[in-house]
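Q: The primary structure of each chain is shown beneath.
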Amino acid sequence: MWTYIIRRLLAFIPTVFIAVTLIFILTRLAPGNPVWALIGDQSVSAEKIDQVTKELGLDRPVLAQYVEWLPKALTGDLGFSLFYKKPVIDVILERFPITLSIAGLSTVLAILIALPIGILSATRQNSLLDNLSMIFSTVWISLPSFWLGFLFILLFSVFLRWFPSSGYRELSFGFGLWASRLILPVLALSLAHIALLVRMTRSSMLEVLGNEYIVAARAKGLKEAKVIYKHALRNAFIPIVTVIGLIFALSLGGSVIIENVFAIPGLGQLVTTAALRRDYPIIEGGVLYLTFISLVVNLLVDISYTLINPKITYE
Amino acid sequence: MRRLFRNRLFFLGVLILGPIFFAAVAAPLLSPFDPVQLDTANKLSPMSWVHPFGTDEYGRDLLARVLYGSRISLRVSAFACVLTTILGVILGALAGYCRAVDAAVSRVMDGLMNFPGIILGIMVIAALGQSETNVILSMTIMYTPRIVRVVRASVLEVKTFDFVDAARVVGIGDLRILVGHILPHIIAPLTVQVTFGFAWGILVESSLSFLGLGTPPPAPSWGNIISNGREFIRTAPWLMVFPGLIISATVMGLNLMGDGLRDILDPRLRNTARRIGTALE
Chain A
1 MWTYIIRRLL AFIPTVFIAV TLIFILTRLA PGNPVWALIG DQSVSAEKID
51 QVTKELGLDR PVLAQYVEWL PKALTGDLGF SLFYKKPVID VILERFPITL
101 SIAGLSTVLA ILIALPIGIL SATRQNSLLD NLSMIFSTVW ISLPSFWLGF
151 LFILLFSVFL RWFPSSGYRE LSFGFGLWAS RLILPVLALS LAHIALLVRM
201 TRSSMLEVLG NEYIVAARAK GLKEAKVIYK HALRNAFIPI VTVIGLIFAL
251 SLGGSVIIEN VFAIPGLGQL VTTAALRRDY PIIEGGVLYL TFISLVVNLL
301 VDISYTLINP KITYE
Chain B
1 MRRLFRNRLF FLGVLILGPI FFAAVAAPLL SPFDPVQLDT ANKLSPMSWV
51 HPFGTDEYGR DLLARVLYGS RISLRVSAFA CVLTTILGVI LGALAGYCRA
101 VDAAVSRVMD GLMNFPGIIL GIMVIAALGQ SETNVILSMT IMYTPRIVRV
151 VRASVLEVKT FDFVDAARVV GIGDLRILVG HILPHIIAPL TVQVTFGFAW
201 GILVESSLSF LGLGTPPPAP SWGNIISNGR EFIRTAPWLM VFPGLIISAT
251 VMGLNLMGDG LRDILDPRLR NTARRIGTAL E
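Going line by line, the protein sequences match chains A and B. Note that the first sequence covers residues 1 to 315 in our numbering. Note that the second sequence covers residues 1 to 281 in our numbering.
This is chain A alone, in the form it adopts within the complex (with noise of 0.2 Å):
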């Protein structure tokens, strides 16, 4: 077990590496001089340009830009934006753990909700509880995010006046404030994910289901709960918690374009805001920011495979 995480933790250098060289190399796509981009449609001198371009480290070749970029990036140093007046580093720090809260809330709302259905759906196959979820999570799967988002807040917001229909308020001014805040997005983030997590806790536990031992389970006498929640779900994990990763992925993906409707200051609406102002500091801050955490959770998603069947060793 020790030997997998170990392997499992040095693997995690060179993914780390490859992403943020990705991140340096696509930011740099841009034809041109990005200079320009920066100072946008006023009419300046070149010496001007000239300054701007030397201050920015521009003029020097791009392999050289590279290697004194990558060890700032990885330390966590990620430049100065022109437009908060600020570090980079500080600007996202301020702003993450709104991010967090709503994809970790939005994960842990869809593992409750989705857990318990995909589990029943399975045990009780083609029954009605089966056949809607497995409707409901075919409708769901193709909504996009942003107008869930919407419907949500004619529904809830305009017709019912249940939730305020956007804006953020720090946990600090009250709990009430806070998650009243919060619901409409994570529940909008979350549904489409449910559906996921429920067809695959569905698909894995049927297939569990139908080995042998648990035939056996059954034939010595054992209780059908424990049958299913010792003998089944315990073996059909493997894929729902690689699911559960993913999901957590996708909701931090997911939260660029929630926050964005709910008027969240998060991370997401900052790189979208930057990407609109092209401010490439926080662009390129935020998306390794937010890529970096998804590694990691990957990490911990892999790492937990072992501790749920210690079989598992590094391919």
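Derived from the structure by calculation, the hints contain no laboratory data.
Some chain B residues near chain A, calculated using beta-carbon distances under 10 Å:
no., residue
1, Asp110
2, Leu112
3, Pro116
4, Gly117
5, Ile119
6, Ile122
7, Val124
8, Ala126
9, Gly212
10, Trp222
11, Arg230
12, Gly244
13, Ile247
14, Ser248
Sample of chain B residues lacking proximity to chain A, with all beta carbon distances greater than 10 Å (derived):
no., residue
15, Arg8
16, Ala26
17, Pro28
18, Asp102
19, Arg149
20, Phe161
21, Phe163
Label pairs and their computed distance ranges (CB to CB):
no., chain 1, residue 1, chain 2, residue 2, range
22, A, Ser180, B, Arg75, 39 to 49 Å
23, A, Ser166, B, Gly18, 30 to 40 Å
24, B, Ala100, A, Glu224, 53 to 63 Å
25, B, Cys98, A, Trp178, 48 to 58 Å
26, B, Arg168, A, Leu100, 46 to 56 Å
27, A, Ser180, B, Arg99, 48 to 58 Å
28, B, Arg99, A, Phe12, 21 to 31 Å
29, B, Pro218, A, Phe175, 40 to 50 Å
Fair warning: this is a prediction, and the values are worked out from it, not measured in the lab. Glycine residues also receive a C-beta, built at the ideal position from the N, C-alpha and C atoms.
Add chain B to chain A, keeping to what the hints say.
A: Leaving out everything else, chain B in the frame of chain A:
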């Protein structure tokens, strides 16, 4: 072909998509209005016989905008699918067939798949600038790894079959083995993946347009119509309800078609983690 239409999922998908594609092609015949023509006397008017979907804040007919928008949304996703397929097949086939290429290609593709959700697309558009072409490019960069993965896995499998060895013994060159003998066998899983990719593309295009990073206005695309409508959610909810319904119907139709195709073409995959790739909105 008959088997295709006997499959209920596929048939249902075609039933949903048929009218939508027809409407996109026949847009000028179905609506007398110009999607970008302003008519300030009629702004934000609700549904009526003249304007079945109502009008927006500039008095533009929403039905016309949704109809013409479907042309843009479907075109963007279709182009992205074509590019993705070409790139994905070339890279995937090389990676599956040739070990030296495999390490490099697989690393980069895994790296690209590690970016959560739409983030990668946002980054590429921020770098390249906002235009329809760049939306297609960014979607291609986002989806190619998935096609590469499918093609590579299939090539790795088919490569071990006896007929490939037989072809080699006869003295046929690597390229001809790859193109003539191996690639025909991956068409089934590829078709399934590309169908899901089309659905995914519709969602991603609309999400990018919604964020203001997709098809630039005033040209209508499903996403930017919703994005425009958000300000009027209290006064004119139809502005976002109708385009959203059409997006959902299209994506669902494509997903059903993909499910049906997979059941027919690739029965081994039945009941496994379906559509993980399409839920990436």
